[in-house]
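Engineer: Model the full structure from these sequences, guided by the hints.
Here are the chains, one letter per residue:
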Amino acid sequence: MNTTDKRHTLFSPSMKLADILLSNYALLTVLPRFDIQLGFGEKSLSEICRKYNVNETFFLLVCNVYTFHEYLPDKIEISTLDIESLIGYLKRSHRYYMEDRIASIKQKLELMRSCCSGMHHDIIHSFFKEYEKEVVNHFNYEEEVVFPYIIALMKGETKVGYHIQQYEQNHSNIEDKLGDLKNIIIKYLPESCSSKERTDVLFDIFLFEEDLNKHSLIEDKILVPFVEEMEKKYEE
Amino acid sequence: MKSKTYRVVLIEPSPIVQEGLKAVISHCRGFEVVGSVYDMHHQEEYLAMMRADIVVLNPALIEFHRRNTVKNMFEGVVLVALVYSYTDHEMLKQFASVIDIYDDQSKIDSKLREAVIVNNEQDELVSEGNDLSEREKEILVAVAKGMINKEIAALHNISIHTVISHRKNISRKTGIKSISGLAVYALLNKMIEQSEIQ
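In order, the protein sequence lines correspond to chains U and Z.
Residue 1 is where the first sequence starts when you use our numbering, and the numbers rise one by one after that.
Residue 1 is where the second sequence starts when you use our numbering, and the numbers rise one by one after that.
Treat the hints with care, as some may be off.
Pairwise CB distance ranges (calculated) [to be verified]:
#1 Z/190 <-> U/23: 41 to 51 angstroms
#2 U/229 <-> Z/155: 45 to 55 angstroms
#3 Z/190 <-> U/103: 30 to 40 angstroms
#4 U/138 <-> Z/151: 40 to 50 angstroms
#5 Z/151 <-> U/22: 21 to 31 angstroms
#6 U/15 <-> Z/151: 53 to 63 angstroms
#7 Z/134 <-> U/213: 27 to 37 angstroms
List time: in silico DSSO-like cross-link candidates among lysine-lysine, alpha-carbon distance up to 27 angstroms [unchecked claim]:
#8 Z/177 <-> U/108
#9 U/133 <-> U/75
#10 U/187 <-> Z/107
#11 U/182 <-> Z/168
#12 U/133 <-> Z/107
#13 Z/137 <-> Z/168
#14 Z/190 <-> U/182
#15 Z/107 <-> Z/177
#16 U/106 <-> U/214
Source of the hints: derived by calculation from the structure; they are not laboratory data.
Built from N, CA and C at the ideal position, the CB exists for glycine as well.
Structural biologist: Here you go:
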């Protein structure tokens, strides 16, 4: 959608959820992470959140971040954030990426075998396998180190030897490689390997990339500032 | 960069935007708006008179037939664009940096700084065209094999600085940033064998 002309109009709780989806179809991939099912008729975002027992403020925040370019909540909104909703959401996103997005790219790369010579296919296949490993490592690190640290901090427990600053922004590597893959498939596979499958896999990569961008935005610009504030309070 | 103050001139047709930008830049340390005009009449004489280091220009003011020679009209100054409507990408390439109307204070600050740096680096290592040069191909092969910058510099008898410049150009041209991505490029183009990759 063209977000520039709606720059200062964010979604609100009383809007129909269907209208929100119609104005940004990328949100279709967000619904399953909240267990929200399609078929909500004319119900508002607020009503649906109540029905599915979803934190309304947080869900709205995700919808807005996913839709409006460069939109981010201000300091006060971040400080009042429901951190459990956020961490739960990030975990479910990880699962969604592994089980849906990456699985789909993998499957489509496999389908390309029919048009790409064995050599081309093997090279790309091993590149993606390595990439997948990296993504898993990154997600595991977050779930085993970063999130438990935050939860402990919330409970007022001291965890020595860790600081959110150490939470390296190794997202960039994960995003770079996806960009590399895009370039390789668009530019450097031979013309003879031009097929529906090649286009399909590209669509999948673009979709995943955009989603991942928003995911990192939420982690870097919402999660990290929230934790930094908590750490500051803690140190006082 | 030393602690020099850069003299900025604005060329922007909207008084509202011009005043706004002046206010924003007045908060950027090391930059001072020394003058502003609404159009490009006699801009050369004006810039010389104001001893401008940087010109922030709204590209909408450039006449269509001169859009490919913007740089020639502003010799000796760092050219920064201020954009709030659709603008030709080729034309924007001639600017050292591009400010968007929605950029905030800190972004504008960093874009001005970036413009000065880009301008200084410009004559360092220009790599023309879209295709990789022979030298760039050699460097790419070395990178794909897993060599580090220091090793590549020694192998080709060039400075580490030059290796880094080549690598930047390679990534810019191919769109590939990671080492394993570059290895894939080299493999697909038969520049190396699978067995050569560490």
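Engineer: Each hint needs a verdict: does it hold in this structure or not?
Structural biologist: Quick rundown of the hints versus the structure:
Under the hint 41 to 51 angstroms, the C-beta atoms of residue 190 of chain Z and residue 23 of chain U, about 47 angstroms apart, fit the expected range. Judged by the Cβ atoms, the range 45 to 55 angstroms given for residue 229 of chain U and residue 155 of chain Z holds: they are separated by roughly 49 angstroms. Between residue 190 of chain Z and residue 103 of chain U the C-beta distance comes to about 31 angstroms, which sits within the given range of 30 to 40 angstroms. For residue 138 of chain U and residue 151 of chain Z, the hinted distance range of 40 to 50 angstroms is not satisfied, since their beta carbons lie about 28 angstroms from each other.
The beta-carbon spacing between residue 151 of chain Z and residue 22 of chain U, approximately 55 angstroms, falls outside the hinted interval of 21 to 31 angstroms. Roughly 58 angstroms separates the CB atoms of residue 15 of chain U and residue 151 of chain Z, a value that falls within the hinted 53 to 63 angstroms. The beta-carbon spacing between residue 134 of chain Z and residue 213 of chain U, approximately 36 angstroms, falls within the hinted interval of 27 to 37 angstroms. Our distance criterion of 27 angstroms between C-alpha atoms is met by residue 177 of chain Z and residue 108 of chain U, whose separation comes to about 23 angstroms.
For the hint linking residue 133 of chain U to residue 75 of chain U, the alpha-carbon distance of about 35 angstroms lies beyond 27 angstroms, and the restraint is violated. With a C-alpha separation of about 33 angstroms, the suggested pairing of residue 187 of chain U with residue 107 of chain Z is violated against the 27 angstroms cut-off. As the CA atoms of residue 182 of chain U and residue 168 of chain Z are separated by approximately 19 angstroms, the hinted pair is consistent with the 27 angstroms bound. In summary, the hint linking residue 133 of chain U to residue 107 of chain Z is not supported, as the alpha carbons are separated by about 35 angstroms, beyond the 27 angstroms threshold.
As the CA atoms of residue 137 of chain Z and residue 168 of chain Z are separated by approximately 13 angstroms, the hinted pair is consistent with the 27 angstroms bound. Straight-line distance between C-alpha atoms of residue 190 of chain Z and residue 182 of chain U comes to about 19 angstroms, which keeps the hinted pair within the 27 angstroms bound. Under the criterion of a C-alpha separation no larger than 27 angstroms, the hint pairing residue 107 of chain Z with residue 177 of chain Z is consistent with the structure, at around 24 angstroms. Among the hinted pairs, residue 106 of chain U with residue 214 of chain U is consistent with the structure: their alpha-carbon atoms are about 22 angstroms apart, no more than 27 angstroms.
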